[in-house]
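Construct the complete structure from the given sequences, taking the supplied hints into account.
If you read the sequence shown in my numbering, its first letter stands for residue 43, the second for the next number, and so on.
Quick caveat, the hints were computed from the structure, so don't treat them as lab data. Glycine is no exception: its CB is placed at the ideal position from the N, C-alpha and C atoms. You may find that some hints are simply not true.
To be verified - Below, computed lysine-lysine pairings styled on DSS-like, alpha-carbon distance capped at 27 Å:
#1 Lys338 to Lys152
#2 Lys162 to Lys268
#3 Lys193 to Lys152
Stated by the list, open to error - For each label pair, taking beta carbons as the anchor points, the in silico distance ranges come out as:
#4 Cys201 to Asp364: 34 to 40 Å
#5 Asp364 to Arg213: 22 to 28 Å
#6 Asp345 to Ala186: 18 to 24 Å
#7 Val303 to Pro248: 36 to 42 Å
#8 Gly196 to Asp364: 46 to 52 Å
#9 Leu217 to Gln249: 40 to 46 Å
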Amino acid sequence: MKDFQLIDDVMPDAPPADPARAMAVRARVLGGARRTPRWSWALAGAAVVSVLVAGFLAIPRLGDGTVHTARMSDAATVLDVALDRLAARPSGSGARWRRETLEVHLSRPKGAYTVERRIKDVVWRDGATVRTERTDLSAEPLTATDRRAWKAAGSPPLCVAEDRCRIGRARVESLPADSVGYPVGPAAQLPTDAATLRRHLLRLHPQGAPESRENFLWNLATHLLKDIEITPATRAAVCRMLAASPGVTVVDGVTDVEGRVGVALVQPPRENDMQELILLDRESGELLGLQEALLKPNPEYADIRPGTPFRWELIRSLGWTDEAPTG
43 MKDFQLIDDV
53 MPDAPPADPA
63 RAMAVRARVL
73 GGARRTPRWS
83 WALAGAAVVS
93 VLVAGFLAIP
103 RLGDGTVHTA
113 RMSDAATVLD
123 VALDRLAARP
133 SGSGARWRRE
143 TLEVHLSRPK
153 GAYTVERRIK
163 DVVWRDGATV
173 RTERTDLSAE
183 PLTATDRRAW
193 KAAGSPPLCV
203 AEDRCRIGRA
213 RVESLPADSV
223 GYPVGPAAQL
233 PTDAATLRRH
243 LLRLHPQGAP
253 ESRENFLWNL
263 ATHLLKDIEI
273 TPATRAAVCR
283 MLAASPGVTV
293 VDGVTDVEGR
303 VGVALVQPPR
313 ENDMQELILL
323 DRESGELLGL
333 QEALLKPNPE
343 YADIRPGTPF
353 RWELIRSLGW
363 TDEAPTG
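Shown next, in the form of structure tokens:
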């Protein structure tokens, strides 16, 4: 019997339809190409660029380009109350832990047209193994104008050569649980106090690593929120830890591409001009998804339009279940 107790009650059903092997696997588990709902305004969606003025935080709404402004203290209160509710939730039980996301990715090959790619990504954890199932749902020009430009270019493949689409076919991989991700220790025993959790996680930051401590902590935190069977109390601690991190801002009233309104943790701009946002349900504190934007032109990301979101991970289900993977 299905028993996803963490997210299913606040989320709709899914639509039909850097060194070693461990780090490479982590990249596959955490990332990959991500397609948006087919709305022409998606490209007009604003980047996660925040402006702080006189105690207010102004941030463009995701999707429609309009600006929402909220007092930072109000946003912090909304986050605090939501995380109190999250921390009070029972851990739940089940034979396996399962996470399903709908990944959405926009790209502009040679700047000529925009391609929208959609992928279903499922992770199963049973304590001994981690099973990943990635299924390409579609890859298409975003708009009618993009389709005409694509045809004028000779209708080239819509997926890059190194990541060919296999529409409708799941790519399945199973690996030992201890070979995937970070060695954080038993998930159920991670601290539930934000400051204690921060100290614990920062011990994993490699000495001399090119990645800053704060970027490392953010990446590890998103991994914990998405892909590890941590307790609701630890999930709340992860979010409180990020909210208290240098440069991270909290914004209420952020609307995602599906119209869901949440409270967001906004990462400071990274060295590569990327910025990520974590969106939480403003009532339950549950993870709704992540969004990434390229803030300004960068030759390393020539196929991404700067100033607009280009990647989304929309959480469809997250939690314990007695269901078993098929196939």
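Broken hints, numbered, in rising order?
-> Number 9 - this is the single hint that the structure violates.
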